[in-house]
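Chain H is fixed; fit chain P onto it per the hints.
Just so you know, the protein sequences line up as chains H and P, in that order.
Straight run, no breaks: the first sequence in this note's numbering ends on number 112.
Straight run, no breaks: the second sequence in this note's numbering ends on number 112.
One should not assume that every hint holds.
Keeping only pairs whose Cα atoms sit at most 27 Å apart, straight-line, the calculated DSSO-like set for lysine-lysine is [to be verified]:
| # | chain 1 | residue 1 | chain 2 | residue 2 |
| --- | --- | --- | --- | --- |
| 1 | P | Lys42 | H | Lys18 |
| 2 | H | Lys57 | P | Lys2 |
| 3 | H | Lys17 | H | Lys65 |
| 4 | P | Lys42 | H | Lys65 |
| 5 | H | Lys57 | P | Lys42 |
| 6 | H | Lys71 | P | Lys42 |
Derived by calculation from the structure, the hints in this document are not laboratory data.
Chain by chain, the residues run as shown.
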Amino acid sequence: EAQVTQNPRYLITVTGKKLTVTCSQNMNHEYMSWYRQDPGLGLRQIYYSMNVEVTDKGDVPEGYKVSRKEKRNFPLILESPSPNQTSLYFCASSFRQTYEQYFGPGTRLTVT
Amino acid sequence: QKEVEQNSGPLSVPEGAIASLNCTYSDRGSQSFFWYRQYSGKSPELIMFIYSNGDKEDGRFTAQLNKASQYVSLLIRDSQPSDSATYLCAVNGQNTGNQFYFGTGTSLTVIP
Chain H
1 EAQVTQNPRY
11 LITVTGKKLT
21 VTCSQNMNHE
31 YMSWYRQDPG
41 LGLRQIYYSM
51 NVEVTDKGDV
61 PEGYKVSRKE
71 KRNFPLILES
81 PSPNQTSLYF
91 CASSFRQTYE
101 QYFGPGTRLT
111 VT
Chain P
1 QKEVEQNSGP
11 LSVPEGAIAS
21 LNCTYSDRGS
31 QSFFWYRQYS
41 GKSPELIMFI
51 YSNGDKEDGR
61 FTAQLNKASQ
71 YVSLLIRDSQ
81 PSDSATYLCA
91 VNGQNTGNQF
101 YFGTGTSLTV
111 IP
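In isolation and in its complexed conformation, chain H is listed as follows (with noise of 0.2 Å):
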């Protein structure tokens, strides 16, 4: 089944831990995005990358960290997460930049 996987889908944690949430794409996708969104702001991108070893910022990449190490994987770092980070995290993958998006289930994080 062709799909983009988050994880964890939930995970609360501290101010300042060190986190990673893991992405991965099973269709051969040049672009991966992810996206946070929060209410009455909608969807926000956050990094993208357009192939394997190129990534770049967008609109809100303050605080976030990403590689793209591997075509299928996408993950995003959070060196020193604060509480205005908390936020529904999405990732997308899509065959080109200019084609649809495909975007996992999300991953809703909470820090305190």
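For chain P alone, kept in the frame of chain H given last:
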């Protein structure tokens, strides 16, 4: 000015009616336009994409694009209670580089 703007609603229509959802975008060089549906707490799912001016129909859904007016819309015919969700407009384009921009979404309620 936001890259993509939508009326937040809520929009209520009776079952069987036509629901009309609208979206405007600021980047005149935008090339790809998407409509996603999102149920509460779930990930966005693609409904339609459109690249060229005019109408594109898929079942009960019709996407309309007018690049001169920088306007894209989604019509839902014979609306069903199961169509009750938030509808997100997304745009990818020339001047935005490889980024995607989403509107904040329009909440639709179909009343039985």
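Quick rundown of the hints versus the structure:
| no. | hint | verdict |
| --- | --- | --- |
| 1 | P:Lys42 to H:Lys18 | holds, 26 Å |
| 2 | H:Lys57 to P:Lys2 | holds, 18 Å |
| 3 | H:Lys17 to H:Lys65 | holds, 14 Å |
| 4 | P:Lys42 to H:Lys65 | holds, 24 Å |
| 5 | H:Lys57 to P:Lys42 | holds, 25 Å |
| 6 | H:Lys71 to P:Lys42 | holds, 25 Å |
The structure meets every hint from the earlier list without exception.
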